[in-house]
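Q: Each chain, letter by letter, is given below.
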Amino acid sequence: MSLEIIKKDLASNQIPPVYLWYGEDRYSIAEALKLLKDYIRAEDPSGSGIEVFSGEGLVAAKVIEAAYTSSFFARRLVIVDDLPYFKKDKAQADGNEEEEPEADSASTGKENEDVEAFLAYCENPNPATCLLLISEKVNKGRKLYKAIAKAGKVLQFSYPDTHSEWIKWIQKEVESRGKKVNSRTASFLLEWAGHHTGILNRELDKLVLYIGARQEIRQEDIEAVCVPLIETTIFTMLDAIAAGKTGVALQKLKEVLSQEYHLKVYAMIVRQIRLLLAASILRRRGETVEEFMKVAGIKKIFEGNKIYRQAAHFAPQNLAEALEDCLETEIALKNSGGNPHLLLEMMVIRFCQKSSL
Amino acid sequence: MAYLALYREWRPKTFREMVGQDHVRTILVNALRQNKVAHAYLFSGPRGTGKTTTAKILAKALNCEAREDAEPCNKCASCREIDQGLALDVLEIDAASNRGIDEIRNLRDRVKLAPSGGKYKVYIIDEVHMLTPEAFNALLKTLEEPPANVVFILATTEAHKVPLTILSRVQRFEFHRISAPDIALRLKEVCLALGREVEEKALQVIALKAEGGLRDALSVLDQCLLQEDPIRAEHVYQIIGMVGESYSADLTDALLEEDYGLALAKLEEGVALGRDPRQIIKDLQDYLRQGLLYTAGGQKPLLSPEISSRLIAQSERAGLKKLLSWINILLKGENELRFAANARLAAEMILIQAIYEQDKGPLLDQAGISLPGQTFSPKAREGKAHLLAERKPKPSDVKPDGPPAKPGVKREEALKSSDSDLTSLLKAKWPEILEGVKKGKKSTHAFLLEGTPAQVAGELLYLVFKDQYSFHRDKFTQPENKDIVEKVIERCLGKKLKLTPLLNKEFKELAANFNSGDVEPEKASAENGDLLNTKLRECEDSCVQQAVELFGAELVEVKEET
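Order-wise, the sequence lines are chains G and H.
Going by numbering that gives the first Met the number 0, the first residue of the first sequence is number 0, and it counts up by one from there.
Going by numbering that gives the first Met the number 0, the first residue of the second sequence is number 0, and it counts up by one from there.
These are calculated hints, taken from the structure and not from any lab test.
Every value quoted in this text rests on a predicted model; they were computed, and no experiment measured them.
Quick reminder that beta carbons are idealized off the backbone N, C-alpha and C, glycines included.
Mixed in with the good hints there might be a few duds.
As the list claims (entries may be wrong) - Below, computed lysine-lysine pairings styled on DSS-like, alpha-carbon distance capped at 30 angstroms:
{"id": "1", "chain 1": "H", "residue 1": "Lys441", "chain 2": "H", "residue 2": "Lys465"}
{"id": "2", "chain 1": "H", "residue 1": "Lys74", "chain 2": "H", "residue 2": "Lys160"}
{"id": "3", "chain 1": "G", "residue 1": "Lys36", "chain 2": "H", "residue 2": "Lys35"}
{"id": "4", "chain 1": "G", "residue 1": "Lys333", "chain 2": "H", "residue 2": "Lys465"}
{"id": "5", "chain 1": "G", "residue 1": "Lys298", "chain 2": "H", "residue 2": "Lys160"}
{"id": "6", "chain 1": "H", "residue 1": "Lys437", "chain 2": "H", "residue 2": "Lys495"}
Stated by the list, open to error - Here are some of the chain H residues that sit facing chain G, going by a computed Cβ distance under 7 angstroms:
{"id": "7", "residue": "Arg24"}
{"id": "8", "residue": "Ile26"}
{"id": "9", "residue": "Asn29"}
{"id": "10", "residue": "Thr156"}
{"id": "11", "residue": "Gln170"}
{"id": "12", "residue": "Arg171"}
{"id": "13", "residue": "His175"}
{"id": "14", "residue": "Gly243"}
{"id": "15", "residue": "Ser245"}
{"id": "16", "residue": "Tyr246"}
{"id": "17", "residue": "Asp249"}
{"id": "18", "residue": "Ala295"}
{"id": "19", "residue": "Gly297"}
{"id": "20", "residue": "Leu330"}
{"id": "21", "residue": "Asp482"}
{"id": "22", "residue": "Gly551"}
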């Protein structure tokens, strides 16, 4: 984990002159940034050594000037948030004149100069400054990337990839708070609150306070305290429909409708049924989960797995009929054919009748 | 002193006094005890469930000079100032009227200043979902690096409008609706303290109608208390405007009794009292909806106890099917009422239709009449689809996944008299027919593509599908698909044929039952099935079939090692 590497760097007082942080986990980047800033502030509480530049309309010369300026009291930290240079593809950004669209040529020309300036800085960085570049994406083939990697450190902040990595991540976070959680419960939390490090961190804070002196987090704690994802509620609703439990399904529908616009809820139900239909047909043909995910355009493996597993409980016929019913409801919804909540309730009741036949 | 509304006078002042929301209380109390108060909270939930109240208690607890465990003392200067809204360190901001970036920037600049007297500066931002996206971004920066000794409490009824970036920076608490017994208990407490006499039943009605919001309940009670003691449920009905419910219950009785006269008389009575026919139909629809929710999902109706038990008895008598069909008719009717020149006539028509269709099937289909807008309005189609969906499967319907219905004798006889000329003509014209169907309905065309016209015998056309295409076959048992194809065939061939969809194996079975040279089952099989399917069909063993369903089929040759 990149956060650990940064902690180690700070502990051993070995901050590289250039950092490049990238990845989709903005939350962890923000956490790391906080650590780094705290470290600098510990040396110089005034915070005068910290300078922040925003990626939009960035002028490289100013950044580099700031980086070369020596600080009075302590190390300097120059931060460029949302570095723009990795946004364009390689051919354009590396100055390949032939493929460059003319309209962009002026700005690209300026950008090339700016990149050159950063390259030059990487050749000879100021050892008393930490230049931190934050970017959402990087292109490892680019000269700039290679130069930064050579002069300093590149760290990736990405979400855990697989289900088991997520579980491990949760367990580690819980341990760092002095509590325990088994993998089953962690997995439940993941489905309940969603795959988002920031949200999960906040939920864990709450859980730890909620259980008080008790050591282990249990499933009922999560149900009592954590805010369920709307998808979780929709899943519970769809599960209830599949099992013919009209009462639960209607209650969950009400919960969902209190949070979301009815057409959005409708669209979510339809999407779910469509995915289930695709999964159940592919299942019957004996295709794999991977094939299903390719067909349905699902990126996350756990989502694919879950739908594929759920699809086993449905017959394609029932799902297709359910979709037709959805169409009728949609027509009614969009033609002011009555109270939308009532129309959705009737749709759900009819599904439940179907599944209990 | 000016009169203070009940819900303000009785606003809880300590965590202990809070009604419901145990999960929130536990966490906040523990956080205060362990000194682990987060720097930002988001309180979300329906109105009147205690968000602002909790925020104020938390603010007091944080700044209280003589805190008892986690509870604020409510006596010290700080507590009193906060209660009176005079505290300099507790700022209540209404985001609905301060939603721009300038206001948030202003806030950001002032956040840095240390608290003037208290220990913490507390910002309570109400209705936070009203902030503009830019203002949210500005707030995010502050939330990411808040100064020490500042606590933000954001409150909203619509948490889904708060961006994810904010959500991942705050501890979010979802406030639940307060249960009706809890509300009734609190109301009773208030009445006792005020020395007023209010019937238990009246309190229950208020609690039910408040739908989980204690503030609403207290407001209604406040209004009720203007009456002389003792206060009865009837007073509450008048104040909430629940007279319509017993009226709707009477109308439902008329529907149940299938009494046209009674229904019309009731309507007449309502109109004479000055009620709008549209509102009458709408109220009836709401009333029946409660019955539907009770019958289908066991949800307790949100009505006064007597009417509730009446509704329960009525819906048990009517059953789900009738309720659904009534509501369908009312929904359709509501739409028509909107444009009807004579609303009363339209309302009468709706009631009559509801009674008429109960046992005699759809009025429109039988009598061949149509109300304005119904023939082409999608609502009408929906209504019919509902009736179809509710219809119990007839024996002739093919079950979705069960074994196919045994071909009847009639079919076999028909097959004997097969007509080879017509068959070849039909096969020749098939592409044309497909094209015709495509123009009619695209989805039917898509299903039809998988079928082959195998044989014409008498009036019957056997449409054969591959064995794994039972789903497609079943589509052609439905009239909406069947009718289209039959019409197109009639147009192309000039002869009316009845569509009989079959699976390949069913067709083979049928052909084997009589030995006519005309049928070419082998050919059909060669056309439709491949080697794998033929092999599969040979597997009689149900275990193997099940295994195939679960894991898929693959033809493997096992060679013994020599």
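Q: Can we keep the Arg24(H) interface hint, with Cβ of chain G closer than 7 angstroms?
A: Because about 10 angstroms separates Arg24(H) from the closest Cβ in chain G, which is outside the 7 angstroms limit, the hint is violated.
Q: What's the verdict on Lys441(H) and Lys465(H), does the C-alpha distance respect the 30 angstroms limit or exceed it?
A: With Cα atoms ~21 angstroms apart, Lys441(H) and Lys465(H) stay inside 30 angstroms; holds.
Q: Any CB of chain G closer than 7 angstroms to the CB of Gly243(H)?
A: violated (16 angstroms)
Q: Given a cut of 7 angstroms on the nearest C-beta pair, is the interface hint for Gly297(H) held or broken against chain G?
A: holds (4 angstroms)
Q: Please work out if Lys74(H) and Lys160(H) have their alpha carbons no farther apart than 30 angstroms.
A: violated (38 angstroms)
Q: Using 7 angstroms as the Cβ threshold, decide whether His175(H) counts as touching chain G.
A: violated (10 angstroms)
Q: Return the status of the interface hint for Leu330(H): holds when the least beta-carbon distance to chain G is below 7 angstroms, violated otherwise.
A: holds (4 angstroms)
Q: Does the interface hint hold: is Arg171(H) within less than 7 angstroms of chain G, judged Cβ to Cβ?
A: Result: holds, 5 angstroms to nearest chain G Cβ.
Q: Does Lys465(H) sit within 30 angstroms of Lys333(G), going by the straight-line distance between their CA atoms?
A: violated (38 angstroms)
Q: Report holds or violated for the interface hint on Asp249(H), using the least CB-CB distance to chain G and a cut-off of 7 angstroms.
A: Result: violated, 22 angstroms to nearest chain G Cβ.
Q: Classify the hint on Asp482(H) as holds or violated, based on whether any CB of chain G lies nearer than 7 angstroms to its CB.
A: Interface hint status for Asp482(H): violated (16 angstroms vs cutoff 7 angstroms).
Q: Is the hint on Ile26(H) kept, meaning its closest Cβ partner in chain G is under 7 angstroms away?
A: Cβ of Ile26(H) sits 5 angstroms from chain G, so the hint holds.
Hint check: violations occur at hints 2, 4, 7, 10, 13, 14, 15, 16, 17, 21; the rest are consistent with the structure.
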